Amino acid sequence: GAVVSQHPSWVICKSGTSVKIECRSLDFQATTMFWYRQFPKQSLMLMATSNEGSKATYEQGVEKDKFLINHASLTLSTLTVTSAHPEDSSFYICSASHGQGTYEQYFGPGTRLTVT
Amino acid sequence: GDSVTQMEGPVTLSEEAFLTINCTYTATGYPSLFWYVQYPGEGLQLLLKATKADDKGSNKGFEATYRKETTSFHLEKGSVQVSDSAVYFCALSFNQGGKLIFGQGTELSVKP
Chain H
1 GAVVSQHPSW VICKSGTSVK IECRSLDFQA TTMFWYRQFP KQSLMLMATS NEGSKATYEQ
61 GVEKDKFLIN HASLTLSTLT VTSAHPEDSS FYICSASHGQ GTYEQYFGPG TRLTVT
Chain X
117 GDSVTQMEGP VTLSEEAFLT INCTYTATGY PSLFWYVQYP GEGLQLLLKA TKADDKGSNK
177 GFEATYRKET TSFHLEKGSV QVSDSAVYFC ALSFNQGGKL IFGQGTELSV KP
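Quick note, the sequences are listed as chains H and X, same order. Letter by letter, the first sequence follows residues 1 to 116 of this note's numbering. Letter by letter, the second sequence follows residues 117 to 228 of this note's numbering.
Bound conformation, chain H alone (with noise of 0.2 Å):
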């Protein structure tokens, strides 16, 4: 149980363009959900957290405007990176918590994106 998938595994896209990345909790309903990113050889940084029909909640430097978080229901958020560049070009990872009085999150597999 307690599967988190992410689509698309990882895409190419060029500069200038928008792409979106889907994180979906498969066999539970997840109240929060978290979107990292992780650079080569480093940790994951949280960039936002959601919570199902709530604004995000954006970490100090992550650009809200071009990052965009959906969390439109409580299996399905949605991280589209508008007018991408090739510094956006990272490891963007998900996870999910059904926060029903347990610390644990469950990570979703990692979405590549890279920005030509």
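Please note that the accuracy of each hint is not assured.
[As the list claims (entries may be wrong)] Only some residues are given here: those of chain H computed to face chain X with a beta carbon under 8 Å:
{"hint": "1", "residue": "V4"}
{"hint": "2", "residue": "P8"}
{"hint": "3", "residue": "L44"}
{"hint": "4", "residue": "Y58"}
{"hint": "5", "residue": "P109"}
Keep in mind the hints are simulated off the structure, nothing from the lab. Remember, predicted model here, so these are calculated numbers, not experimental data. For every residue, glycine included, the Cβ atom is placed at its ideal position computed from N, Cα and C.
Following the hints, complete the assembly by docking chain X onto the known chain H.
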């Protein structure tokens, strides 16, 4: 601010060797502590956790003890296997189901 520091990798061991991956933290309160593992091509998985001082988390032969006096949560395993090759992340959190703060990760490679 709150942070987690892990020993740098990569760590290369022979099968059946003893493993220690050091993790220390800086926190303004009393967080819960976690070890996550990321196998190649997969998402992070919770390996073990400890929610208060002196708690020992254990799973799959791995152990870590929450040491408040040294602000540490070192990961140990008595005899590693090739299948343990992965990246290991130490993390802390203050809230149930809330924000995680990760260390930089330590890559472990176990050779037969």
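**Study point:** Restraint satisfaction for H/Y58 [CB to CB of chain X, less than 8 Å]
**Key:** At about 12 Å, which exceeds the 8 Å cut-off, the nearest Cβ of chain X leaves the hint on H/Y58 violated.
Exercise for review: Identify whether the interface hint at H/L44 stands, where standing means a beta carbon of chain X within less than 8 Å of its own.
Suggested key: Holds. Min distance 5 Å.
Exercise for review: For the hint on H/P8, just tell me whether its beta-carbon gets within less than 8 Å of chain X.
Suggested key: Where the cut-off is 8 Å and the nearest Cβ of chain X is about 15 Å from H/P8, the hint is violated.
**Study point:** Restraint outcome when H/V4 is required to lie within 8 Å of chain X by C-beta distance
**Key:** holds (7 Å)
Exercise for review: Tell me if H/P109 is really an interface residue toward chain X, meaning its C-beta lies closer than 8 Å to one of theirs.
Suggested key: Check passed: Cβ of H/P109 comes within 4 Å of chain X, closer than 8 Å.
In terms of the numbered hints stated before, the structure departs from hints 2, 4, listed from lowest to highest.
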